[in-house]
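Asker: If you want the building blocks of each chain, they are given just below.
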Amino acid sequence: MNRRTAVKGLLVFTGGLVLLPSCLTREGKAFIPLKHLEVSAEEEKMLGEIVETLIPTTDTAGAKQLGLHKFTLKMVDDLHSPEDQKTFMDGMEAFQKMTKKQTGNSFVECSPQERQELIAAINSGKASKEVIDFYQILKKHTVTGYLNSELVMTKLRIYELVPSRYIAYYPVKASTKN
Amino acid sequence: MAYINVDSVKQRTFDAIVIGSGMSGGWAAKEFTGRGLKTLVLERGRDVKHIKDYPTTNMMPYEFEHRNELTYEIKQKEPVISRCYAFREDAMHFFVRDSEQPYVQEKPFDWIRGQQVGGKSLLWARQTQRWSDLDFEGPARDGFAVDWPIRYKDLAPWYSYVEKFAGISGNNDGLEELPDGEFLPPFPLNSVEDHFKKQLKAQYGNRHVISARCAHLSKPNQIHLDQGRAQCQNRILCQRGCPFGGYFSSNASTLPWAERTGNLTLVPHAVVREVIYDEKAGKATGVRVINSQTKEETEYYAPVIFVNASAFSTNQILLNSTSSRFPNGLGNDNGLLGKYVAFHNYRARITAEYEGMQEYATDGRNPAGGGYIPRFRNLHKQETDFLRGYAAGFRANRSMQEDTTGFGAELKKQLLNPTWGTWKVGSHMMGETIPKEESRISLSKEQKDAWGIPLLNIAIDYDENDNKMVADYHAQMEEMFTKAGFTNIQKTDSKQAPGLDIHEMGGVRMGHDPKTSLLNKYNQLHACPNVYVTDGACMTSTSTQNPSLTYMALTARAVDHAVSELKKRNI
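Chains as they are written, first to last, in numbering that gives the first Met the number 0: chain V, 0 to 177; chain F, 0 to 570.
This is chain V alone, in the form it adopts within the complex (with noise of 0.2 Å):
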């Protein structure tokens, strides 16, 4: 093995790591691959903290660690209609500037406590119409994927793919906890 195969073999071992995200970052897309959104790195750096504000990490992985910002993404991408995608990408770009106007920074470089109550505004109502389609997309998919995700069905609340049974007449309390 001469030095140039060896070194080319380095690289592609390394690769994964090293080079694979500065090659698809350098136009500032997105880490996610999309068909039909333009989605930037910055943007879906923004939608992590976003769905981390919504579902926080605590004892337990938050939405960002679980990636629901990109399954928002991907979802977004390929279920949802043209007109669809529009609402989207208009009300997350009215978020932007909606969060510089009123905290003079991107949403990434708030303090959490400016997180916070920017989204309790927009969870209240209170905000312009394309900014709650947005923030409805968003939370939606964002639910769905963390009640959908491994994490939740496996140790938290358990999808049983085999129940082996069907008990007609189970017995609760009124509004009992699972």
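Hints are computed from structural coordinates only; laboratory data are not their basis.
Any given hint could turn out to be false.
[As the list claims (entries may be wrong)] Computed list of lysine-lysine pairs in DSS-like fashion (alpha-carbon distance at most 27 Å, straight line):
1. 69(V) x 125(V)
2. 423(F) x 172(V)
3. 73(V) x 412(F)
4. 44(V) x 412(F)
5. 85(V) x 128(V)
6. 139(V) x 197(F)
7. 172(V) x 412(F)
8. 172(V) x 197(F)
9. 69(V) x 99(V)
10. 490(F) x 34(V)
11. 567(F) x 74(F)
12. 74(F) x 73(V)
13. 490(F) x 423(F)
14. 125(V) x 490(F)
15. 73(V) x 76(F)
16. 85(V) x 139(V)
17. 197(F) x 28(V)
18. 197(F) x 34(V)
19. 154(V) x 566(F)
20. 85(V) x 76(F)
Following the hints, complete the assembly by docking chain F onto the known chain V.
Answerer: Below, chain F without anything else, positioned relative to chain V:
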């Protein structure tokens, strides 16, 4: 014509040919091979081996790229099949896509097709009720279509025969309109389904809610274990194919049983172009088949042929089987082939809520889906301004619900700590539609498929009788729901196109008279008795019951007849 190698002809000659490997074809295969006949089963789709070819069967929800939803692209490209409730990421590999095999919709028709070994028996909703004489006597009593050439007593022993083997769960409810059968233990009604049952009994007397009868092994017998099947594990992921063989499918049951006899030859990718009719012999001698992959044409021969290609494909094959004796399609002397097709009217639904039974929920899953309301309209005499009636599904469901209004740690807590919601109840209608001459399928004169076979042209529609029935279902169910104390009642009419019910029937109907029907009482073509049709194409009327169990019983009965006729050299 090319010279045929004699040995090769021998290799391509069987005691019986069965076209199609789905619900009824699988039964024909089992019955013929079990009686020692070397049987060829031709399937136009690919092979699907039990368990081995169920790629999604053990996947968790998060393992599906889109969490089992359809992409926008697929919905745009395949609008018809995308409307089918079971066409999702977990089972889409078992359905024919619109773009793969086009057909002509002279009127809107959602043709839902499952072409592989096992056909739609892999995908069906597994509801299995016997038909009663109130169904078989329907056309004669109400003056539509033609009289069925059989009655319940002709089919009763065959219902028992297929039920024992397939494994049907249910109660013997003692209802004239829904004959009892050979049942495995039922899946019980839950508290609200029982409540509705008691309310109807008390307030109407003659309206019933029963445990839906379904083709699930609630408690397998030895005959089911012998098939390699095990007890239903309540997964309700049936459309993926069941690794336990918990529900009946050709793949889990009849086909492996047939294979074990050593008498089965199964050829997938075999598109049947036509049944070959020999003018001199005055009977059918075989079938002409195109390999869907290589487009190579092959002929196979047998003294008896069963056409079980699925209702409309069976019509298509017979219409395309022309000869100087039968210029308009095999057995079609009266010009009725492809006419008088019908379906089930599933347009109407009703939903509501129930505040009672707060002390109960359910646990696990019910593969039967809940309750079944047998037909109660016009049962013994005409009492409305529409003909016939409808059956209905009824289910009550109470699920854990999470509050999603908040955000942050609060939302997370809410998502992980759901509470019991209120009971939701729902029902859908299954209406009998009247077969009419103008409801017909025919061969396109211009367009052909990838194998040179004319496309099927479908012209079927609802009529005023169906609209009246939808209105009556809504009115009756609303009254029944109200009397049972249900609230927030919502009625919908999906206006869905015919076909989405996946219960298309007819076109090669049974009847007494060769002038007005295609098949006799044993499902033989009147004009070509060594060809039998026992799938949905043979149905003279549609009843309000799910049809699959009747296809099975008709098939087993017809094979018994065919074998006896072969022995007597009558065919």
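Asker: All the hints need checking, so say for each whether the structure fits it.
Answerer: Against the structure, the hints come out as follows:
no., hint, in the structure
1, 69(V) x 125(V), "holds, 26 Å"
2, 423(F) x 172(V), "holds, 18 Å"
3, 73(V) x 412(F), "holds, 26 Å"
4, 44(V) x 412(F), "holds, 25 Å"
5, 85(V) x 128(V), "holds, 14 Å"
6, 139(V) x 197(F), "violated, 40 Å"
7, 172(V) x 412(F), "holds, 20 Å"
8, 172(V) x 197(F), "holds, 24 Å"
9, 69(V) x 99(V), "holds, 23 Å"
10, 490(F) x 34(V), "violated, 39 Å"
11, 567(F) x 74(F), "violated, 54 Å"
12, 74(F) x 73(V), "holds, 17 Å"
13, 490(F) x 423(F), "holds, 14 Å"
14, 125(V) x 490(F), "violated, 35 Å"
15, 73(V) x 76(F), "holds, 19 Å"
16, 85(V) x 139(V), "holds, 17 Å"
17, 197(F) x 28(V), "violated, 62 Å"
18, 197(F) x 34(V), "violated, 55 Å"
19, 154(V) x 566(F), "violated, 64 Å"
20, 85(V) x 76(F), "holds, 21 Å"
The structure shown violates the earlier hints numbered 6, 10, 11, 14, 17, 18, 19.
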